[in-house]
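Letter by letter, the chains look like this.
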Amino acid sequence: MQIMQFKTINKFFYKKKNKLKFIMRTFMLLFCTTVFSFSANEVFSQNDKIVINDDKDYTIDEIFDLFREQTKHTFIYQEDLFKKIPKLHLEKGTIKANELLEKSFSSDKYSFSFTRKNRIIIIEEIPVTIKEEINIQKLQVSGIVTDIDGNPLPGASIVEFGTDNGTSSDFDGNYEINLPDGEQTLVFSYLGFKTQEVEINGRSKINVVLEIDSEGLDEIVITGYGEVRRKDLTGSVAKVNGDDLANLPAARVDQSLQGRASGVQVSSISGEPGAATTIRIRGGNSIQGNNEPLWVIDGIIVGTDYNLSNINANDIKSIDVLKDAVAVSIYGTRGANGVILVTTKSGSSASPGVPNITINAYTGMQSMLTEIDFLNGSEHASYANEDAAFRGSALPFANLNEVANVNWVDQVSRSAPINNVDVSVSGVSENRKTNYYISANSFNQDGLIRSSGIKKHIFRTNMDIRLSEKVKFGMRVNLSRLSQENAKFNFDELYQATTPTRAIFDNLGNYTALDPITGGIASNFEADLNIKEDHSQITNILSSFYLEFRPWDNMTFKSTFNPQINDFKRNRFNPGALPNNLIVSNGGDARVDNSLEVSYINENTMTFNTDIGENDYLSVLAGFTIQKSEFESSFSESYGLSNDATGYNNMSFGADPSRNGVGSDYNSFQLISWLGRINYSLNDKYLFTLVGRMDGSSRFAPGNKYAMFPSGAVAWKLSEEEFIKNLGVFNNLKLRASYGMSGSQAIPSFRTLALLDLANTSFNATENPGVRLGRPENPDLKWETTKQLDIGLEMGFFDNRLSIEVDYYQKKTKDLLLNSQLPRQTGFVSQLKNIGSIENTGLELLINSINISNDNFKWSTSLSLAGNRNKVTDLGGVDFINLATPASQGGTGARLIVGETVPVFMGVEYLGTWKSQAEIDLAGYEGNHDVGGPRFKDTDGDGNITQTDFEILGSPQPDFYYGIGNSISFENFDLDFFFQGTYGNEVFNSLTQTAYFGRAELTKYKETLNRWTPTNSNSDIPRAGSVASLSEIYNNSVMIEDGSHMRLKSLRLAYNIPVNDLGLKTFKAIQVYLVGANLFVISDFRLKDPETSQYSGTNDNETNLTTGFSNGQYPTASTISIGTRIKF
Amino acid sequence: MKFITKYILILVIGTMLIGCDSYLEEDPKSITSPDTFFNTIEEFELAIVGLYDTWGQDYLHGSIGLYRFTENGADIVGPNRNFGQVEQIMSYSLSESTIDAVYWNSGAPKTWQGLYSIILNSNTILSKLELNDVISQANKDVIEAETLFHRAYAYYYLTNLWGDVPYYRENLPISEIQALPRTDKKTIRDEILVDLQKAQLSLPSSINSDNFGKVSKWVAATVMVKIYLIQNKWQEARDKSLEIINDSPHKLLDEYASVFRLDNEYNEEIIWSTDFGKDLMQDHGWGNDWVDHFSPRIRDEPKESTKKAELSAALAARNEGFTGYGLQIPLPDFVKKFPLDDLRRASNITTEYLGYELNFPYMPKRWNLDQINSPRGNHADNKLIFRLADVYLMAAEAENELNGPTSAYQYINKVRERAFEPDQPLSGLSKDDFRLAMYDERKWELAAEGERRMDLIRWGILLDVVKNTEYRVYDPAPNIKPRHVLLPIPTEEFILNPALLESDPTNNGYR
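The listed protein sequences correspond, in order, to chains Z and W. Those letters in the first sequence? Residues 1 to 1128, by our numbering. Those letters in the second sequence? Residues 1 to 511, by our numbering.
Take the hints with a grain of salt, since some may be wrong.
[What the hints assert, rightly or not] Below, a sample of chain W positions facing chain Z; criterion: calculated Cβ distance under 10 Å:
no.	residue
1	Pro28
2	Ser30
3	Val49
4	Arg81
5	Gln113
6	Ser117
7	Pro166
8	Leu180
9	Phe212
10	Val473
[Stated by the list, open to error] Cross-link-like lysine-lysine pairs, in silico, BS3-like; alpha carbons within 25 Å at most:
no.	chain 1	residue 1	chain 2	residue 2
11	Z	Lys569	W	Lys29
12	Z	Lys833	W	Lys29
13	Z	Lys433	Z	Lys345
14	Z	Lys833	Z	Lys812
15	Z	Lys628	W	Lys29
16	Z	Lys628	Z	Lys317
Read the hints as simulated data drawn from the structure, not as lab findings. Glycine included, each C-beta is placed from N, C-alpha and C at the ideal position.
Could you build the full structure based on these sequences and the hints that come with them?
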């Protein structure tokens, strides 16, 4: 018995105007014969004849039955395989078997050819003339088609140029094609890859590596539990290629993501190494809950607050950002804030058995991007004296010549190095059954502020192993160890509280402990830097193991298991030698925090693809997943450590046991989900997607545990329509629309339950444990639901060299979890309830343009531009909710108000200084007011400046935010530069309260040199001493500043050493590069970089929505680095 | 296709069988739910400790706390500069809009809430206690007595500050509590007097040292006297006072200053103090800062500014420092009127320290300069709530109102004995004159101990006194109105519960 397979899979071939046609068939034919050759005429022996008993129309199935009955040949094939082939009319009599076989397939629509490996290729819609061509085929070419990572590409199309003669590669990427003699060219194509033309030049074996088409319409977009070609995409997904993020000097990849994807607003919070960013995809949805997007790394759902420092940016192949409902709803209750999918590299571009080794290293220097202008020592001393004199108290500086002048920012900062080395080995085994990517990374970033920084060591192993033709196994394992040297003090305290008049050392050479103006104890930050210890160590294992079973080519079952472990330890020690401890003989104190988080996700999916009818295509995904996460933590702290030698390593030295503390915590949650997605392509013109996910969460009470989030989308490939083609304008024109729901879990574990809080108190100065009702229960809590409408238009012009994508979206979030205020007569202030709603609408524009594309000069530009408008539509019956109080005693700084932007900045309008006593008397304000003192607008006219006079003064929401990138390559040089920024947002600068208005012991802006004095009586900067208490300075319009800015986020110049020309055979490629990150920022903001934020909490009720506050955080670094990348 | 269907079915059914509902159960190992609590006597005691902790919070007896309403806005103390937390009451710009503006973290809305938190927790304890059949009746009585006291004491403050207030004594669901209208303060006072009497019966007569800071039966009795006085029930007030004077273990100390000595904070005269300890990890923070309000800050002192360094050094040599806030210091009026020969003056007013003349007067009985044992924000000093001298003066007041001064002298003169050397006993006064003398006696004796403003209101003389007092920083005389004897209910409260305006649409005259 010899087995013969008939096979056509994922077949492309030319038809009418080079249009690619895609079909998919699989079947087998089994027969017994003695001879086999290439020609159809020779399949059967000349003597094999078939007797036809009746004149009638025979189906192919019936004909095969005749073969089976009358010859020794048996055909095995899929039941409905031939149902589209027209019936064949046969007349009574006998016919040669070969002739009958040929006749059977020789309709207008089908032809067939044989290959050496016992396969018959059925080709649809090949003209009858093909028969003649088959007859003259003489040459046979074979080989393997792989992707750049060495993965075989099954079903790649191989077609003889200019003809319809073609074949496709098999499961292993192998192909064979028969060709007529002479010079020919083969055209290799595969979905998502760049089409390649290869001249045969007499070769009989041609292996082809296809490159991923990352920019074109065939670009593969990762959609969560699957992938799709961009041209078949029905949702809104932004893609960033790993190359754009590679070697940017930053500890976390999100820092580099800024401006790269339209609709994704990334804002840095702090310049501290390893600091997280705030990311808002299409605006914030939630008030109480988390607004950060969901991160999914290699399919592992890591949540919203995964420490991205654990990932080596150079391991990343691509980042896909899911934005609209149909894209995110596959993530159900966690998708509402958008989803960011990170895919790491796999395999290599190496030939089988020849590994690719890449060594990459850069080193850079960071310096302070900007400095803020404050009064210097003597200027500040004059201010303080003027202040004291005006208020009739003692002059703090008797002799202005003896005042210290310390630039504290200079004192505590430095130029800080940043270094990165990574090595990767990747390749494909010789038998092509295994591909691997293994990398090691060492990253070291010192902070701009001394005694801060991060060290990272990351190891990654990605491997895919084919166990058999139908079974595949693989893993993604990321091991990381982070050592973080934490900032020793809050930088904003240094900005605000440490004036240049504060000397570092006293006359005896000891650290000063007292503030020279107040005489009170105040931190000496230089001492903090040198003496304090505070560091964290994080060990993270992020892994995914999968088993894939593919019983047929069109069906795949995949089961993954993703365990994750995060171990965290933080050690802190404030030695007794700290000046503020020394002066009160406190001894030292130490604290150790430990936590361990263990979680797993198990996901089981089935995907099924099939053609329905001639031009329609159906793809179905179904899955079931479970997830569990457990978190345990503990801390201990010790006080009165008389001994500075052992610190946190031996806390039993604590001599003050009454102050020592211990604590522990436990947290867990479970999630069960069912998910499904159906993609249907009709006529290759109309695309439909239906997605749904049902999540069940442990966080909600019985009855509310489950929720279903469905969505749907349609896309219309207008460019496939004749009337658009006839315009001759568009290469691509696609209109798509989606609508659906996604959810947000928004509450932490155990939140539906009532709680007894710890309420310890003292009796006879000894602590006694106690409890108190902490919050009322609320079993009615449920998910927040976001309904999103998205309408997108994709256009391609000039052979797709100019592509434009525009998206309009509207999101309505309801059932917002809010701490709904309760009348305080209940003993509580609030109760968490599902009330309130928010609306976000926006427009996103993405333009990619290849301006010039010659052999040695290429220039492309990309622009992403997005604007989001949001509005509070309901707050559950109250008119407003107060959010943050950024300035001490300044009142509510941000408020949610029904009908207004989320949130708005609140404060009183500053009217300048009082110019005369008459003016004060006329205004009739209550309280004390001085000429030269600040005057605020009494909006409600009650003669009192209080929070009832607050008006809306601005909002952190920009009119638009943007990123502009240019990529130029000229011969061996590559130049990229990328600008990013916002326009039209306001920043609440809470430092202004003290640095502009008052309190002599706090730093002052340089501009206060021009303050009101009797001789400078036109000034609107308040006179020194006119502000006795910060409670007189409510939030006001001076604190609100324009946050519009433009930043040169990155600039990269690379030179590719022409290794081939130089005969450096050892190397595949050598690149040297120079990268500048954050080189400048253009802004009118007083604190120069408007992007830092006073608040960083992701789960903090009060601060979650309160972006746009600044009081001078850890400064942003400007970095210049040089590096090289060598490939062996 | 059959195989696929089968596979999916197995997958789906299989996973269903795992039992999603049990998989999705929460395991709240780290939190304590009231539903599963309140089983043993120890658990009830934990909940009672929680009540004390609430009293120690910044919006009640911690920090400046209730002094905003009971000491500021009267004629004894005020800040040395504008201070947002007391500005509204010191200048009597108090209104519906400014009551919310009182410093949000510990202002009037927070005080209102804190008192109701005690009521809610007390109701929960009482209802759980009723359901409990494990604890003995005797123990139940003690738990009940202590809980009843705290609830009554919370209503005592609520009625004093706001008059008619929402009133509930059962463990009601939140949805019912949040819609309750105001109840007549007379009803509330009558009922809490019954509670206090019950509490007095079962509370211990004296507190052992482990429990210093907890209430005895005499605390309940003292609150009863105060309510009787408010109600002009002179007979009951006098009898209850005498009960305390005669039956309690409390005695007046021989020396006024000794009452406030930190090395004997639980002396015989003290009936109740809120206990504070240094360095304690209480949930309201480390130690307490109420003392800092009375202590000077070095930037204000001394009068001769050139001697600042000298003074700092002198203080440092004694391990002392002017690290306070200077926000509760004697008013000029108080300094001027305090009799110079009164021995209590030194404890209540000083204008110099270590030989340095000071810019502002301070009240040494309430300050603490010790930087070692009592650093800024971390003081162990208890906040005195009631002491026996107050009861003597209340007995005098009640007796005078009841029968005239004849039998009242003994009580007032008992307090005056230690104030003058030689003695200056009062005698030969008319009933009205006695009353006026008693007004002053309470001012000198109990200055800045949380009584003054409530006394002035009770006597109906708040407006007169405020208009005739010399203040610093503020000028309340033109602003004060009769409505100011009560606080307005914070605006947010009646927005959230409109029923609060049903019985009194004027919100205590503020609208």
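Hint-by-hint comparison with the structure:
no. : hint                   : result
1   : Pro28                  : holds (4 Å)
2   : Ser30                  : holds (4 Å)
3   : Val49                  : holds (3 Å)
4   : Arg81                  : holds (5 Å)
5   : Gln113                 : holds (4 Å)
6   : Ser117                 : holds (4 Å)
7   : Pro166                 : holds (4 Å)
8   : Leu180                 : holds (6 Å)
9   : Phe212                 : holds (4 Å)
10  : Val473                 : holds (8 Å)
11  : Z:Lys569 with W:Lys29  : holds (22 Å)
12  : Z:Lys833 with W:Lys29  : holds (24 Å)
13  : Z:Lys433 with Z:Lys345 : holds (17 Å)
14  : Z:Lys833 with Z:Lys812 : holds (18 Å)
15  : Z:Lys628 with W:Lys29  : holds (15 Å)
16  : Z:Lys628 with Z:Lys317 : violated (28 Å)
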